[in-house]
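**Student:** Which chain is which? The protein sequence lines are A and B, in order.
Heads up: the first sequence begins at 1046 in the numbering used here, then just goes up one per residue.
Heads up: the second sequence begins at 49 in the numbering used here, then just goes up one per residue.
Simulated from the structure, these hints should not be mistaken for lab results.
Do not rely on the hints blindly, as some may be mistaken.
[Unchecked claim] From the derived model, a few chain A residues whose C-beta atoms are all more than 10 Å from chain B: (1) Gly1077; (2) Glu1086; (3) Pro1122; (4) His1142; (5) Lys1154; (6) Thr1195; (7) Gly1354; (8) Val1374; (9) Thr1429; (10) Lys1436; (11) Arg1464; (12) Val1578.
[As the list claims (entries may be wrong)] Simulated pairs of lysine-lysine, DSSO-like, Cα-Cα distance not exceeding 30 Å: (13) Lys1233(A) to Lys431(B); (14) Lys487(B) to Lys1283(A); (15) Lys1447(A) to Lys342(B); (16) Lys359(B) to Lys342(B); (17) Lys342(B) to Lys409(B); (18) Lys359(B) to Lys1237(A); (19) Lys1447(A) to Lys431(B); (20) Lys519(B) to Lys1283(A); (21) Lys1436(A) to Lys359(B); (22) Lys76(B) to Lys139(B).
Owing to the predicted nature of the structure, the values given are computational and were not obtained by experimental measurement.
The beta-carbon is built from N, C-alpha and C at its ideal position, and this holds for glycine as well.
Here are the chains, one letter per residue:
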Amino acid sequence: MRRWLVLLACAAFPAWNQPPREIFTDVTADAGIAWNRFNGESPDALLIEMKGGGAAFLDFDHDGLLDVFLVNGGDTPRGRSATPVRNALYRNLGNGHFEDVSAKAGVDKIGFYGLGVSSADFDNDGYPDLLVTGYSNAALFHNNGNGTFTDITQSSGLKESGKWATSAAWFDFDRDGLLDLVICHYAKIPEKPPHCEFQGKPTYCEPKSYGTGDRLALYRNNGNGTFTDVSAPSGVDKSIGRSLGVVAVDVNDDGWTDLFIARDGSPNLLLVNQKNGSFQDMAMDAEVAYNEAGAAKAGMGIDAADITGNGRPGFFMTTFEGEYHSLFVNPGVFPFDDWTTQSHIARLTEHYVGWGAKFLDYDNDGSMDLMIVSGHVNTIVEATRANVTYKEPPLLLRNNGKGIFEDMRELAGPVFQNRYAARGLAVGDFDNDGDPDAIFVCLQGAPVLLRNNVGQDNAWIGLQLQGTRSNRDAIGSKLTLSLPGRKLTRWITGGGSVFSSHDYRVLFGLGPKSGPAAVNVEIRWPNGSVQTVSGLRRGSYQKIVEQSPNH
Amino acid sequence: MRLPWALLLPITLAAWAGVPTASEHAGKGLDLAQAGDLKGAESELRRAVSLSPANPEYLADLGSILGLEEKLDESIVCLEKVLKINPGDTKVRRDLAAGQWRTGRLQAAAANLELILKAKPGDPPSTLLLGMVRENLRDYAKAAALLGSVPDLVNQHPESISALARSLYNTGQPTQAKELLTVDLLRHADARGIYLGGGIAAQAGDSDTANSLFAEAAKLLTDETSRHPSSEALNLLAWCYYKQGKFPETIRAMDQAIALDSSRDSNYVSLGLMLADRQMLAVAASVAQEAVRKAPNSYRSHMLKGFVEAKQGDYAAAVASYNRAIELNPDSPEASFNLARTEWHAGMNAESEATFEQALKRFPQDALTHQEYALMLLNRAEKGDSAAEARAVVLLKKASALDPSLSEPHFQIGNLLLQQGKFAQSAQELEMAAKLNPKEAKAHFALSRACRRLGLSAKAAAELAIYQDLKSHEEKPLEEKPI
Chain A
1046 MRRWLVLLAC AAFPAWNQPP REIFTDVTAD AGIAWNRFNG ESPDALLIEM KGGGAAFLDF
1106 DHDGLLDVFL VNGGDTPRGR SATPVRNALY RNLGNGHFED VSAKAGVDKI GFYGLGVSSA
1166 DFDNDGYPDL LVTGYSNAAL FHNNGNGTFT DITQSSGLKE SGKWATSAAW FDFDRDGLLD
1226 LVICHYAKIP EKPPHCEFQG KPTYCEPKSY GTGDRLALYR NNGNGTFTDV SAPSGVDKSI
1286 GRSLGVVAVD VNDDGWTDLF IARDGSPNLL LVNQKNGSFQ DMAMDAEVAY NEAGAAKAGM
1346 GIDAADITGN GRPGFFMTTF EGEYHSLFVN PGVFPFDDWT TQSHIARLTE HYVGWGAKFL
1406 DYDNDGSMDL MIVSGHVNTI VEATRANVTY KEPPLLLRNN GKGIFEDMRE LAGPVFQNRY
1466 AARGLAVGDF DNDGDPDAIF VCLQGAPVLL RNNVGQDNAW IGLQLQGTRS NRDAIGSKLT
1526 LSLPGRKLTR WITGGGSVFS SHDYRVLFGL GPKSGPAAVN VEIRWPNGSV QTVSGLRRGS
1586 YQKIVEQSPN H
Chain B
49 MRLPWALLLP ITLAAWAGVP TASEHAGKGL DLAQAGDLKG AESELRRAVS LSPANPEYLA
109 DLGSILGLEE KLDESIVCLE KVLKINPGDT KVRRDLAAGQ WRTGRLQAAA ANLELILKAK
169 PGDPPSTLLL GMVRENLRDY AKAAALLGSV PDLVNQHPES ISALARSLYN TGQPTQAKEL
229 LTVDLLRHAD ARGIYLGGGI AAQAGDSDTA NSLFAEAAKL LTDETSRHPS SEALNLLAWC
289 YYKQGKFPET IRAMDQAIAL DSSRDSNYVS LGLMLADRQM LAVAASVAQE AVRKAPNSYR
349 SHMLKGFVEA KQGDYAAAVA SYNRAIELNP DSPEASFNLA RTEWHAGMNA ESEATFEQAL
409 KRFPQDALTH QEYALMLLNR AEKGDSAAEA RAVVLLKKAS ALDPSLSEPH FQIGNLLLQQ
469 GKFAQSAQEL EMAAKLNPKE AKAHFALSRA CRRLGLSAKA AAELAIYQDL KSHEEKPLEE
529 KPI
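Bound conformation, chain A alone (with noise of 0.2 Å):
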């Protein structure tokens, strides 16, 4: 009799004989996706070696599903590839699989030494840009609506011929509907590259070796294909230092788009919308420029989300291993506070070198979690270190709701166990059904694309916003959804993590499926008018279009 209850038991809930799913699946090679990274790896130890490169989410093509990006880095004077290197699109074809389309969109081949991606519809034509960055120049190719790219960098007015440039990010910073474009730059190109040994081994040398940095570079979109640099008259070019990654979001709230930029060994700044065209650094205001010795991190990725659910937006930065990644809570106010110890970012990234870092609602309980990739920069370091390693395994951090975060390796999947040197990290929804995906991408060699096996347990709601009168991708918009007890907040921000572009449409995790089947959301546009829309069903993704002002 007892062994029948038993066996009663079993049938009855199954799941309880079932191991967990892994959150995430490696789907990089039943995608097709069989490109491969080279970064020119040579004697010189050249620092750009490893520092790219990115990948990007983007509906190249306009049918609904995300498509992919990936930069390759390229040959250095010692570090030649024995085939042509290239950049990769992949169309996808909606059924799990994406077709390589590089050369035929014509995006497969830059001039330079490749880094980062980021891509937006500059032109409002509904059809994603796309921005490569790079060593030593930047390209500029504007999606042709029928499958194609045109290189227009030439006349687009954009100067980056010489420079080192890394992340990028698209927003509106003058509220006149048209996607403007910053651009991060590390370090002036040195005229002999530094040198540098360990255990008699030519290694990288350390950022300082390269001088004190560069200025970032911001260009006002004159809405007719060219661009006008405003770096100076904006104030942006003011401090030089050695920036890496950069996020788009209004920190404080008053409906114009600020710029935090990671920077590498310098101070991070925190570039304040002046609402004139003109930006201020409030980093030493909001304690973000420097940790509580008064020394600069070596800030890499940047992402911001509501945190802790008070409604404003908080930043996560990866930095270098011993350092640990920073983790700062908005108050409303200046200065931050620094949530990194007490949020267990501390004790969870100590021994990572980490590059691209996104939030992401992976469980879509409505809480942000964070993806991380890592690596370091030392090929040898495992000999001299017991607690480090070159290639390190990606993290998935799970927000409690309340900005403490746990780390998920043991329900992640595989990925997460083990150890890739990885730079790029890129989130997307690339198989529409409700949950965060992922791409990163890794020094030398395949990427990693991850599909979410969990966020469909959870109600969620896919929001795809489109402006009219702001920029069609409602960069800048902060959007508000109301649930019993509790608002989730979200921010359609440029940029964010590192040489990566995202899927810029907003996914709302609703918690358990008991809740209500329908949801009410406010829009704030990224030029301040504020939309309401109520009814939205949750399950799929909803189109909203920007209200014009007499509706």
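Got chain A; can you put chain B on it based on the hints?
**Tutor:** Leaving out everything else, chain B in the frame of chain A:
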């Protein structure tokens, strides 16, 4: 007065037996000391003390001889015994204070000197010594007042001139400090003293005075070495050039120093430190290797090797070097805490903790051992170990008590208090940290944060300005350092 019978008995018995008496040993000891035979003098005085252990005169003489022999710990014990018998002996108390000062027991030295000055106000040698002690304690205002009150005595020693100059720089009297260094110090024509003065001016940011002193010291040393070349003088000449930023001349002088005496480990150590300071770590590493090859049993060579390896991030190698340094000099707390710190960096956490615990037992009076252990524990606390934080605070307070001149314990405690929202207490600690080490940018940065939270905007801005000014001088032009 009649001596008690019991005290007379050994003298009587010794005389009866024909064995020298305590008095005879003491007399012989003093004769030997006068003849320059300190070892012999010590031996005789020890016999005198063993025969008459309660005799304050013999104990005092033995204490003095041990002091001259640099056996300071033993000397202190003797002198303390004398003072127990005769607390009013000013000379012995001053000798004791001098020994305490030289062994870094600064608070005890200060207390003894204060006692003397209470009994004999204005006593010049005690005033001078207390001034030196206060300067070491970084109590610059008191040091300036004390040393400034005995100018004749100060002017007799380059070290005291430098101490007064440092105190003047740190109490906002740079003109007087400069005059002292460029007039009174130069009068001594003592290259070593002038070099020391140059270092003080450099530390105070008075680069003109520093450069002129280093140049003067270099001139004296060039003359000296052209007449009587010595490896030691060439080594100092190299440092003079290095401080002036004359790197080719530095290397040339170091090459000459090494050529004159290739077995002298201090030459390799100096060269290695200079190269490491310029971030030329690969070359510094090869110099350290050479130092160890030439002097395999030199503690300092292994310390240099460990230092460079740790700076290169080669922690496993640095652990081995520091272990060897400890084998060669088990009495060095510096080697112990460097080993422990490096083990921590290497991820050998259990080993690091064990090394720190051993070091605490072995060097209970070493402030830096306490401080370094506390820093390691604070690192652990940042990852959620609250017990580690409590222990770290205890260690930091002990470090501060052992060496009140340390600023780091105040900085760390101040930062902890800041995190806990105890802004007023935090500001007090950070103010102390900034006072003790005014050139340390981080103390001003943290103090600025505390003041801001206390609503002291002007003070916060002023501290931030100091931080930014100090920080702007930190950037070094030449850095080819591996990540």
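**Student:** Against this structure, judge whether each hint is valid.
**Tutor:** Hint check:
1. Gly1077: 36 Å, holds
2. Glu1086: 15 Å, holds
3. Pro1122: Holds, because the least Cβ-Cβ distance between Pro1122(A) and chain B comes to about 18 Å, which exceeds 10 Å.
4. His1142: Its Cβ never comes within 10 Å of chain B, the nearest being 39 Å, so this holds.
5. Lys1154: Correct as stated: the minimum Cβ-Cβ distance to chain B is 31 Å, above 10 Å.
6. Thr1195: Correct as stated: the minimum Cβ-Cβ distance to chain B is 39 Å, above 10 Å.
7. Gly1354: With a cut-off of 10 Å, Gly1354(A) remains clear of chain B, as the shortest Cβ separation is near 22 Å.
8. Val1374: 14 Å, holds
9. Thr1429: 4 Å, violated
10. Lys1436: 16 Å, holds
11. Arg1464: 16 Å, holds
12. Val1578: 42 Å, holds
13. Lys1233(A) to Lys431(B): 37 Å, violated
14. Lys487(B) to Lys1283(A): Holds, at roughly 27 Å.
15. Lys1447(A) to Lys342(B): Given pair Lys1447(A), Lys342(B) is violated - Cα atoms ~60 Å apart, limit 30 Å.
16. Lys359(B) to Lys342(B): With a Cα-Cα distance of about 22 Å, the restraint between Lys359(B) and Lys342(B) holds, given a limit of 30 Å.
17. Lys342(B) to Lys409(B): The given pair, whose Cα atoms are some 33 Å apart, is violated under the 30 Å limit.
18. Lys359(B) to Lys1237(A): 24 Å, holds
19. Lys1447(A) to Lys431(B): 18 Å, holds
20. Lys519(B) to Lys1283(A): With Cα atoms ~18 Å apart, Lys519(B) and Lys1283(A) stay inside 30 Å; holds.
21. Lys1436(A) to Lys359(B): 22 Å, holds
22. Lys76(B) to Lys139(B): 22 Å, holds
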